[in-house]
Amino acid sequence: MRYAMAIDTKKCVGCSDCVVACQTENNVPIGYCRDWIVEVTDGTYPQLEIEIRSERCNHCENSPCVRCCPTGASHYEAGGIVTVTHNECIGCGACIQSCPYDARYSHPDGYVDKCTFCLHRVKKGQQPACVEVCPTKCMYFGDLDDPNSDISQVLKKRKSKTLIPEAGTKPHVYYLI
Amino acid sequence: MAKTRRDFIRISSLSTAGVLAGAKYLQSAMPQFLQANQTSGGDVDLQRTPTYCEVCFWQCAGWVYKNEDGSIKKIVGNDDDPNCNGRFCPRGTGGVGMYYDEDRLKTPLMRVTGADGKQSYKEVSWDEAFDFIAEKLVKIKEEHGPECTALFTHGSGGHYWGTLLKAFGSGNIAAPSYAQCRGPREVAFIATFGSGLNSPEPTDIRDTRCLVLIGSHLGENMHNGQVQELSDAIDKGATIITVDPRFSTVASKSKHWLPIKPATDIALLLSWIREIVNNEWYDREYIEKYAYGFDQLKAYVQPFTPEWAYGITTISPGQIRETAREMANASPSVIIHPGRHVTWYGDDTQRLRAVAILNALLGSWGRRGGFFVPDKMSLPDYPHPPFPAPTRTWRDAMGGKYNLADLALASGVCDATIPSPELDCNIKGWIVNGTNLIMTLPDQKKTIDAINNLDLLVVVDTMPMEITGYADIVLPECTYLERWDDFRLAQGREPSIALRAPAAEPKYNSKPAYWMAKELSKRLGLEDYFAWNSFEEMLDWQLKQVGSSLDEMKRIGVKNLPRAYDDLYFQPGEDIEFNTNTGKIELYSTALAEEGFDPMPVYTPHAEPPEGYYHLNYGRAPMHTFSRTANNPNLTDLMDENTVWVNPKVARQWYLKNGQEVYLENQDGIVTDFAVKVRITERIRFDSVYIVHGFGHSNKKLSRAHGKGASDSQLITRVLLDPIMGGTGMRGNFVTFRLEKESEVQS
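Chains A and B, in that order, are what the protein sequence lines are. Under my numbering, the residue at position 26 of the first sequence is numbered 26, and the numbers go up by one with no gaps. One gets my numbering by counting positions in the second sequence from 1 and adding 1000 to each.
Chain A with its partners taken away, still in its complex shape (with noise of 0.2 angstroms):
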């Protein structure tokens, strides 16, 4: 069990659905967000290209984020999910300086907090708040062990892409380009 992301950045628009169902979803105070939205344009007029990602925590195989922890609240979950457990981080914020995502930011509430794919969701069979939500239907969540998991079909069909793999952490969550 390995669970991933795929995000199409041709269907994509950055409308920034995900991010608000985020926000709703798993009580995000206003002002924070676990998922963004990232636009990039090259060329120039009138030879242009755009390519729109929503990022989030990529959920890494090689976390550098749980291997800093000193108190052990940053771990895996079943199917590689990276998560925080709020009542044993202390707020120290190693974790925030070694993500080379910049996935994750402290909570008011003095613990640090990142996407968890909606863990509590997926529990129940649900797929996460952005990918449900998704106007344009652009993201895949599932089993990457899973052969024929949409996931899986997708990423072997469609060419994608990994943000700085030259990091080494292996990410979970990959853009069709």
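Please keep in mind that the hints were generated in silico from the structure rather than gathered at the bench. Please note: incorrect hints may appear among the correct ones.
Below, in silico cross-link-like pairs of lysine-lysine (DSS-like), each with a Cα-Cα straight-line distance of 30 angstroms or less [claimed, not checked]:
#1 B:Lys1446 - B:Lys1708
#2 A:Lys124 - B:Lys1554
#3 A:Lys161 - B:Lys1236
#4 A:Lys159 - B:Lys1677
#5 B:Lys1677 - A:Lys10
#6 A:Lys10 - B:Lys1066
#7 A:Lys137 - A:Lys161
#8 A:Lys137 - B:Lys1066
#9 B:Lys1554 - B:Lys1261
#10 A:Lys137 - B:Lys1236
#11 A:Lys124 - B:Lys1446
#12 B:Lys1236 - A:Lys10
Position chain B against the provided structure of chain A, taking the given hints into account.
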């Protein structure tokens, strides 16, 4: 044989049961270790209430979920809703912010003049507010006649105010969504196909092979169902052609981006028409059977070669030919999208006529992958006495102009309010429901002029928008999450009904519009028009007429019904009578000719920006609706100000830096109230700038929106009127940069 509706309901409730079984199956198919770990308090345990969204006009149906303490947690799309297919857009998801916004209007307010002569608002009771309004309305009726009142409306609450006004004896019921938005395309499509597009547009995007967008920035305008289908079309490899001076999001998804010179679209369209006619790429059988005026059209378009269009549009002849070929290859599964906000240059009906003609030539109207034939549910009104016929309307003040407008013009009502020697009926009382006229109508000075001539201005809103500052009485409406409302009866591939039930008690001293209208009706002796005892009783009565019930709708939220008649697409060789003078699709419009307008679209050059000025283009951002969401805490968190997009060449000329704050000044010397940050980007032509509409709010009561960004509405002082239907073209304004404001220099 078609099933009766009563039969259908039974099947529909069965299918709901099927969905539940599906969810159970999903659960048992889950890996063992996860099942063991399940926590309680998931969605299934949360209470949910059906609603349909009021953040924009798409009105997607969904469920409101609450926390255990009863507070509203989140809103999620209803899987059975054809407008959203279970997926809300960011504005719908962020709709919770509308409910929680602490800047909401909280109690009725009345304008009072103090001893020092200063005017201010006093908090009053609902009774005081209603007594005041009723007294003023009766006075207007006695002195001028009941027809001297008008309603401006946007959104669902407007229906009850409309009932009240019609019962009172006025026919002046206008929505800015017509003359300031989609009116020209309705008139153009009615002139061509005998029927308009309405909302949601019956574009068959999911099955199209070629989608042509002209100034329509789908994806930045989150017309939910259409954006979803756009994504389907991308998946299926449809060709997308985007015509826009700006490299919009959808331009980046397109095979062809045509960065057209602003205001020259008709030239491109005429050239495309010529290519398709002369190369015989049109749908011959379809045109021969259904169309009128092909020969006139063919003769007319001969001068419009791609080379001719090149000089006007800056789009190369090769690109024009290639894109025409792409459309023809996909015919009839091609959509030349009519767009939505189409009031640009005053020749908008003619531009949309060219769009309609192109669709007709390619045979896409009534065809799979083109435009489907929509169906819509109708429910009978709760019994009420007939409305009195108004003796005069705003049309009488128009001097015989705009006869082809099929709905009232908000700008026309505004004109009919300003006294002039020629008019014997000047409108004296306005009710403004859910529309911020200051930012919605162009030419703010004129709007304020009209308001200054009123004896009564009642504003009904949830938020202290700019228009509330001009009101005699402000009535705080509760948000859509706190009220019952009329059913949503959207048109679509199948007719559907959606219910809005309150998920929470109204906050503060806010009330639903239906309650306000009913209370006011009692003071005007019009209570027979609101004869129901409770709103729920009225809704239940309506549903019973079609074999459903409120109990059922509370359970399912959305009900899809079978099509009552007609197929989704024209059948091969089917005989069809179009609702035009000739009964055919009119390539040559006899209706326009009768009214003295060009029967076929004519390209007219428009003014160009003076040296140092740029076309002011404006549009939408996916997380905001007009100016109404600019203070929503959840949505401002995503975007809290607009920026002015500037081409790097222009930025160099003005020594502008990215993020620098500038004021914009238009051709009439109007300078924006607030500064706006510069966004230097290759994504825009050097002759234009672009800002997202709806920012630059001046009302300090909007604590998050006040002073954030620039207001395009302020800069739209030059209005290009569409002589055919009175649309207010707003894209004829030019702006330049001001690095600082005089007032600031002085202080």
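Checked hints:
no., hint, verdict
1, B:Lys1446 - B:Lys1708, "holds (24 angstroms)"
2, A:Lys124 - B:Lys1554, "holds (25 angstroms)"
3, A:Lys161 - B:Lys1236, "holds (22 angstroms)"
4, A:Lys159 - B:Lys1677, "violated (37 angstroms)"
5, B:Lys1677 - A:Lys10, "holds (29 angstroms)"
6, A:Lys10 - B:Lys1066, "violated (35 angstroms)"
7, A:Lys137 - A:Lys161, "holds (19 angstroms)"
8, A:Lys137 - B:Lys1066, "holds (25 angstroms)"
9, B:Lys1554 - B:Lys1261, "violated (51 angstroms)"
10, A:Lys137 - B:Lys1236, "holds (13 angstroms)"
11, A:Lys124 - B:Lys1446, "violated (58 angstroms)"
12, B:Lys1236 - A:Lys10, "holds (12 angstroms)"
This entry does not satisfy hints 4, 6, 9, 11, going by the numbered hints stated previously.
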